[in-house]
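Engineer: Sequence:
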Amino acid sequence: MLSSFLLFGGCTSNQSQPLEPVAELIPGILIGYLPHDVIPDGIALLPTAPIAGNAEDKRLNTEVIANQEGFRWELATSDDNLEFPVAASMFSCAIDAKISKEETPQLYRLLRRSATDAGLSTYAAKKYYQKKRPFMINEAPTCVPAKEAHLRTSGSYPSGHAAIGWLWGQIFSEITPEYSDKALARGWAVGESRLFCNVHWQSDVEAGRTMGAAAFARLHANTEFTSAMAAAKLEIASVRAKGLKSSRDCNAETNALSLNADSEKL
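Counting in full-length UniProt numbering, the sequence shown runs from 1 upward without gaps.
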């Protein structure tokens with residue numbers, strides 16, 4: 001899903017010192033931290049993709065697409081948007097703090113660059129398997145009708161959004177340990193949103209999380225990444241000292257997250 005990802009596409013004391021420029025992979029998309037030859041390889045790491053969703057995929061997908069309305073559907077639609085600056089606030093409710101290019105420039109850049117790494121980690125397997133997406137089989141609506149033509153040409157396995165969401169969940173769990181559970185739950189929910197959107201199977205989402213975890217582990221051997229993590233942690237402390245909160249509707253988000261795909265409430 002590299003092509004899809006690329007289409008959507010930086011401590012208070014540091015704000016007076018502009019960040020050093022980072023090259024772009026394509027216009028608007030920053031290069032990641034990982035050189036190409038060390039990005040985790042989904043073909044080597046993942047099990048063979050179910051051709052069109054296994055039995056559990058189809059059972060869960062049937063249940064989820066019957067609930068394409070309300071708060072969870074709206075959140076799933078929002079979670080599809082990985083463009084910045086919108087995507088920067090995705091975890092702001094989970095950690096109860098404002099995240100923006102102006103207030104947290106190091107964190108903002110960290111999210112942009114790490115998303116590239118996670119997205120690229122799914123590319124080889126997507127291209128190799130070219131698995132059909134659920135809406136191509138069940139003909140039910142998706143939350144992104146304008147993107148369906150492109151998605152038909154982009155392999156479903158593994159999910160790039162799930163990889164990015166799970167990687168970001170791990171990042172926020174580490175830099176805001178007091179909100180670790182909420183950060184990881186939010187990262188998990190990004191993958192669940194792909195089920196509600198009817199653009200991925202459960203096996204795609206699980207494989208995406210595996211790639212996000214693999215990318216996160218590999219990033220810890222990169223000094224640029226670990227330095228950015230330390231700087232981002234200081235920025236969050238500064239934002240908290242200022243009392244700056246999320247601009248999102250956190251009550252609505254909490255309600256939506258109570259309806260995950262494996263919930264008995266479906």
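It is worth saying that the hints were derived from the structure and are not from the lab. Some hints could be false.
To be verified - Quick list of in silico lysine to any residue cross-link-like pairs, SDA-like style, CA-CA up to 25 Å:
| hint | residue 1 | residue 2 |
| --- | --- | --- |
| 1 | Lys-127 | Ile-26 |
| 2 | Lys-101 | Ala-241 |
| 3 | Lys-127 | Arg-218 |
| 4 | Lys-101 | Glu-148 |
| 5 | Lys-101 | Leu-45 |
| 6 | Lys-245 | Lys-127 |
| 7 | Lys-101 | Asp-249 |
| 8 | Lys-233 | Pro-18 |
| 9 | Lys-101 | Asn-251 |
| 10 | Lys-233 | Leu-259 |
| 11 | Lys-132 | Lys-147 |
| 12 | Lys-58 | Glu-83 |
| 13 | Lys-242 | Arg-218 |
| 14 | Lys-242 | Glu-148 |
| 15 | Lys-182 | Leu-60 |
| 16 | Lys-101 | Gly-70 |
| 17 | Lys-132 | Asp-181 |
| 18 | Lys-58 | Lys-182 |
| 19 | Lys-101 | Leu-259 |
| 20 | Lys-182 | Lys-127 |
Said to hold, decoys possible - FRET-style restraints, in silico, Cβ to Cβ:
| hint | residue 1 | residue 2 | range |
| --- | --- | --- | --- |
| 21 | Gly-243 | Lys-132 | 42 to 52 Å |
| 22 | Lys-101 | Ala-217 | 42 to 52 Å |
| 23 | Pro-141 | Lys-233 | 38 to 48 Å |
| 24 | Glu-139 | Glu-224 | 37 to 47 Å |
| 25 | Ala-66 | Met-136 | 38 to 48 Å |
| 26 | Ala-55 | Leu-244 | 24 to 34 Å |
Note that the coordinates shown come from a computational prediction; the quantities given were computed from them, not determined experimentally. Backbone N, C-alpha and C define an ideal beta-carbon position, used for all residues, glycine too.
Engineer: Now, for every hint given, state plainly whether the structure supports it.
Structural biologist: Results of checking the hints against the structure:
no.: 1; hint: Lys-127 with Ile-26; verdict: holds, 19 Å
no.: 2; hint: Lys-101 with Ala-241; verdict: holds, 17 Å
no.: 3; hint: Lys-127 with Arg-218; verdict: holds, 22 Å
no.: 4; hint: Lys-101 with Glu-148; verdict: violated, 30 Å
no.: 5; hint: Lys-101 with Leu-45; verdict: violated, 34 Å
no.: 6; hint: Lys-245 with Lys-127; verdict: violated, 40 Å
no.: 7; hint: Lys-101 with Asp-249; verdict: holds, 19 Å
no.: 8; hint: Lys-233 with Pro-18; verdict: holds, 18 Å
no.: 9; hint: Lys-101 with Asn-251; verdict: holds, 24 Å
no.: 10; hint: Lys-233 with Leu-259; verdict: violated, 30 Å
no.: 11; hint: Lys-132 with Lys-147; verdict: holds, 15 Å
no.: 12; hint: Lys-58 with Glu-83; verdict: violated, 30 Å
no.: 13; hint: Lys-242 with Arg-218; verdict: violated, 33 Å
no.: 14; hint: Lys-242 with Glu-148; verdict: violated, 42 Å
no.: 15; hint: Lys-182 with Leu-60; verdict: holds, 24 Å
no.: 16; hint: Lys-101 with Gly-70; verdict: violated, 30 Å
no.: 17; hint: Lys-132 with Asp-181; verdict: violated, 33 Å
no.: 18; hint: Lys-58 with Lys-182; verdict: violated, 28 Å
no.: 19; hint: Lys-101 with Leu-259; verdict: violated, 31 Å
no.: 20; hint: Lys-182 with Lys-127; verdict: violated, 33 Å
no.: 21; hint: Gly-243 with Lys-132: 42 to 52 Å; verdict: holds, 48 Å
no.: 22; hint: Lys-101 with Ala-217: 42 to 52 Å; verdict: violated, 27 Å
no.: 23; hint: Pro-141 with Lys-233: 38 to 48 Å; verdict: holds, 41 Å
no.: 24; hint: Glu-139 with Glu-224: 37 to 47 Å; verdict: holds, 45 Å
no.: 25; hint: Ala-66 with Met-136: 38 to 48 Å; verdict: violated, 18 Å
no.: 26; hint: Ala-55 with Leu-244: 24 to 34 Å; verdict: violated, 47 Å
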